[in-house]
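Chemist: Residues per chain, in single letters:
2 protein chains.
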Amino acid sequence: MRPLAQPHQSPVATKVIAFDVFGTVVDWHGSIVRELETLYPSIDGHAFANAWRAGYQPAMARVRSGEMPWTRIDDLHRLILDDILPKFGMDHLDEPERQHLNRAWHRLSPWADSVEGLQRLKRRYTICTLSNGNIGLLTNMAKNAGLPWDCILSAEVFRAYKPDPDTYLGVARTFDLAPNQVMLVAAHQDDLDAAHACGLQTAYVERRFEFGAQHPKDVSPSPANTFHARDFNHLADQLDQV
Amino acid sequence: MRPLAQPHQSPVATKVIAFDVFGTVVDWHGSIVRELETLYPSIDGHAFANAWRAGYQPAMARVRSGEMPWTRIDDLHRLILDDILPKFGMDHLDEPERQHLNRAWHRLSPWADSVEGLQRLKRRYTICTLSNGNIGLLTNMAKNAGLPWDCILSAEVFRAYKPDPDTYLGVARTFDLAPNQVMLVAAHQDDLDAAHACGLQTAYVERRFEFGAQHPKDVSPSPANTFHARDFNHLADQLDQV
Chain A
22 MRPLAQPHQS
32 PVATKVIAFD
42 VFGTVVDWHG
52 SIVRELETLY
62 PSIDGHAFAN
72 AWRAGYQPAM
82 ARVRSGEMPW
92 TRIDDLHRLI
102 LDDILPKFGM
112 DHLDEPERQH
122 LNRAWHRLSP
132 WADSVEGLQR
142 LKRRYTICTL
152 SNGNIGLLTN
162 MAKNAGLPWD
172 CILSAEVFRA
182 YKPDPDTYLG
192 VARTFDLAPN
202 QVMLVAAHQD
212 DLDAAHACGL
222 QTAYVERRFE
232 FGAQHPKDVS
242 PSPANTFHAR
252 DFNHLADQLD
262 QV
Chain B
22 MRPLAQPHQS
32 PVATKVIAFD
42 VFGTVVDWHG
52 SIVRELETLY
62 PSIDGHAFAN
72 AWRAGYQPAM
82 ARVRSGEMPW
92 TRIDDLHRLI
102 LDDILPKFGM
112 DHLDEPERQH
122 LNRAWHRLSP
132 WADSVEGLQR
142 LKRRYTICTL
152 SNGNIGLLTN
162 MAKNAGLPWD
172 CILSAEVFRA
182 YKPDPDTYLG
192 VARTFDLAPN
202 QVMLVAAHQD
212 DLDAAHACGL
222 QTAYVERRFE
232 FGAQHPKDVS
242 PSPANTFHAR
252 DFNHLADQLD
262 QV
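Just so you know, the protein sequences line up as chains A and B, in that order.
Each number in the numbering used here corresponds to the 1-based position in the first sequence with 21 added.
Each number in the numbering used here corresponds to the 1-based position in the second sequence with 21 added.
One should not assume that every hint holds.
Copies of the same chain look alike in the list, so a pair counts if it fits in one copy or across any two.
What the hints assert, rightly or not - With a Cα cut of at most 35 Å, we get these calculated DSBU-like pairs of lysine-lysine:
id : residue 1 : residue 2
1  : K143      : K36
2  : K238      : K108
3  : K108      : K164
4  : K143      : K108
It is worth saying that the hints were derived from the structure and are not from the lab.
Model the full structure from these sequences, guided by the hints.
Modeler: So this is what it looks like as structure tokens:
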């Protein structure tokens, strides 16, 4: 597959590679399904995982609009969890059980290529998260999964959720770089489009089974992206040619 | 040397170890002297390093008091640099030279035990910075020096400079911990006293030559600290016994 490098965005300028995390680095769907199936085998893990995740964008939208004050993802995950438990007949879960389940987001497993790909990219670039997840969640996840970040950046640092420009431009400002010296890697075109609008380079990574093996998603390339990669090793291969 | 563990602060609860950086993890004085002696051999590197560092607390005090708006350490370092250059007959330095010299703080060398000690502590604890240095500076320093942080926390994250309680308590809040589950490691008793007042555990590390081999500082133990260690390996040795 040909890199979609654009002449006006020379990839040689890249200094920092920032990564979306949920779905891009870690398999939230498969991990939540496995937690559910282990703890509560009678529940439809696939439906539960999707219901939990489906509450995520609306909850952040309430924060972005000012309807809710600044709230960390851990607390948004908990609000959504408390909301969906009755719908799955799980209203009997006590406080410690709810706390443990909510921390499943700290224990998400990486995709098979993630750790090796990040280790390769880290040799040449500064690699950081740019996630709406909170700092503690991302740090615990990294320690658990062996993700070798140089730096944990997050909505919590910038007090703004993606796709607010302050998040993408915040990475550039943090490192005193021009926006096009930063690349966002994500499995979500809307995230990349917002980063591109801020002047960042972008790399789309195919995570065809983000919503489960039975529900493949469209991963066809957008010409707007600087790179399109099957996985992190394929991205590292392409950047090795630059 | 006997650990100064106190019964009311059980060290077994420690989850996160936060480190002061300048002087505690890295040798700012020796590193700045070496940069000066290489670039500008006619200048008294020792006097220059101390003059630069001496401007640091007053500059942060102006931010803390509200006299100056929020300003990152990179920018405070530059203000102090521009102020002291004429006093050393170096007013002729052009903009690229000043920028390069100011980034010397991104290139500080670790003390001999720092990397090994951090690697040991990282196996059992989450290790993070808690420095007044900005995120970009601390990340570049870590990459350059091989410091294996799980997470870069900084005054820039909390928008407050140490010894503001929001910085020490900010670490605990970031990880949803009680203050006594966090330990601050520093070579400066005033930093540790402020952390102790917030309920954190504290470990003093002897950095006798922080101001140069010719100017050893007093490193005698304070009974207020939970631990007193010669270096990071000695701290890891003591925590291995807990």
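Chemist: Compare the structure with each hint and give your call.
Modeler: Taking the hints in turn, this is what the structure says about them:
For the identical chains of this complex, K143 and K36 are neighbours both inside a copy (11 Å) and across copies (27 Å), given an alpha-carbon limit of 35 Å. Taking CA atoms no more than 35 Å apart as the test, K238 paired with K108 passes inside one copy only; the shortest distance there is 26 Å, against 64 Å between copies. For the homomeric pair K108 and K164, the shortest alpha-carbon distance inside one copy (33 Å) is at most 35 Å, but the shortest distance between copies (47 Å) is not. Proximity of K143 and K108 under a CA criterion of 35 Å is satisfied in neither setting, with 43 Å inside one chain copy and 41 Å between copies.
Consistency note: the structure conflicts with earlier hint 4 alone.
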